[in-house]
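Novice: Given next are the chains, with one letter for each unit.
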Amino acid sequence: MPLARKKTRNYLPLVLLMLALFPIFGSSYYNELIGKIMIMTIFAMSLDLLVGFTGLVSFGHAAFFGVAAYSVVLLSPKYDPGNLLLVLPGAVFTGAAVAFVVGLFVLRTKGIYFIMVTLAFAQMIYFVFHDTPLGGGSDGAFLNVKPELRIGEKVLLDLNEPMQFYYVVLVLLVVAYVFLRVLLRSPLGHALAGIRSNEHRMLSLGFPVFLYKLAGFVTAGGIAGLAGFLSACQYGFVTPEILSWHQSGNVLLMVILGGMGTLNGAAIGAFAFVVLQEVFSALTKHWQLLMGVVIVTVVMVLPGGLSSLPARLKGLLIGGGNRNG
Amino acid sequence: MDFSTFLIQLLNSFQYGLLLFLVASGLTLIFGIMGIINLAHGSFYMMGAYMAFSLTALSGNLLVAIIVGVALSVLIGFLLEWALFSRLYKRDHLDQVLLTYGLILIFEELRSLLVGDDVHGVPIPELLSASIQLSETLSYPVYRLFMSAVCILLAIVMYWLIRHTRLGMMIRAGSSNREMVQALGINIDLIYRIVFGLGVTLAAFAGMLAAPVSSVYPGMGNQVLIICFVVVVIGGVGSVWGALVAALLIGLADTFGKVIAPDYAGLAVYVLMAAVLLWRPEGIFRRI
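Chain order of the listed sequences is U and A.
Residues 393 to 717 in the numbering used here are what the first sequence lists, from first letter to last.
Residues 90 to 377 in the numbering used here are what the second sequence lists, from first letter to last.
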């Protein structure tokens, strides 16, 4: 099913240019913040593939993000830098592999069950890292030296350098974005869209719906793994909290805040969430209260997410009927 | 494991399972009848425990605390249903997830603002503070037996309410066809409000009842919520009796898991869930 494309101005090159030039003007604090937003955008896009494009509301997506982040620590030597060529594919593979195993179970369920079962499996994985010595228990573990890109003896990239790390994140964000764009236009992407709008019809048309869903789930797990890899490299340590259901809730929030079913929306949502978090936590220790109020308000008065705001305002001002509500 | 240890663990698992049932039955009723997925359900459990703590500290009596707490919970349930949930019946599950996620954050922070982040204890009422001697060294507290008895009593009352009263008939009818029930002149909005209030009160009551044996601590609601999800998944969404069986199974798995392999006990319930998912993806029982 070809998705109807609205004529909109394409801001993408402009946004990319701004992101590429940003470190020239930004301080290290803002570079790190923008880096975090980009990482969360990758994470949110991966969940959007499930929630927005396939109609699978997963409440356990942090599991794949988290195991990948842990894999970075486990795959790196203790006091030497790991090689990006090993660690990065390793993290993506870990995210995808765990998604494959979890998917075999959770994709047997639908709707509300799916929400609860994904949450429960993510919690199970959380307990594996929290209760067993595998990843340092409840204290987490440190990534003492961040990975570098080495070919032979030559070091091409060193993620310990904040500037190099920033551009690696930017490049990987673009890679993930382009990959998802291509995937959504591929037969797989169209099949996922079909499953979203009518699973029974897809079944009766002879599509192996389960396999398609599993493929989508594994892909989303792998891309979440990419985000997890970057997150571990940004902060240099991992704790079980990155696997917790708050993390799953937050990324779901980003997808919905930005308006699901659009990759750009994931970016808007990640941006809005990280900035809100930053502003609120500067205001008060009880910043989650403010976040909760924002969430409840958005759900009650703005069902289409933040990206529906301009259309709504337009509708209000010009007086045309509001078709989104 | 000798017999009296085994007996104690069995009683513990039974008591834990019954307590889970109280919380999970509200969750499954709210979903089965109203079609609402409520992540904030665990927060009501936490709210109940904290009410037991604060009101006992004020009044000096757990019973008074429970009576006032139950009244407050009913009120909170009605208010939330009226202000928020009643507007979400026609919406996607996603909106419900998001709203209730926001509510969790709000409730946790309100708890932190009002009572603080410390761990508290609630004294066991004197009347029930005795223990029954099982062997020379082992004994079993009367309060835990009392808890189990109260839970069983409530389960029976719920069975009676749903199966043998006019209200129960309307609830069951409302769960299978909302429009038809409405067309027959039954005030379905009121039924929904009652069901939601009942669910909230059950969860809060479980929290109050549990407060003297498990301490009162931040995050206690979330832990219970996720276990309750497992209960609902195993039992079948919307099935109260499924929830009872599943809760007892989980009580067994968790308690004996802790005895047999303490390090991995947290995983036992999830392994149980995975097994049930392979066997019956829609839970052991279906519907009410």
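Some clues are possibly wrong.
What the hints assert, rightly or not - Below, simulated DSSO-like cross-link-like pairs (lysine-lysine); rule was C-alpha separation at most 27 Å, straight line: (1) 706(U) - 428(U); (2) 546(U) - 470(U); (3) 502(U) - 179(A); (4) 347(A) - 706(U); (5) 470(U) - 428(U).
Read the hints as simulated data drawn from the structure, not as lab findings.
Novice: State for each hint whether it applies.
Specialist: Here's how the hints hold up against the structure:
1. 706(U) - 428(U): violated (32 Å)
2. 546(U) - 470(U): holds (20 Å)
3. 502(U) - 179(A): holds (18 Å)
4. 347(A) - 706(U): violated (59 Å)
5. 470(U) - 428(U): holds (25 Å)
Comparing the model with each numbered hint stated earlier shows that hints 1, 4 do not hold.
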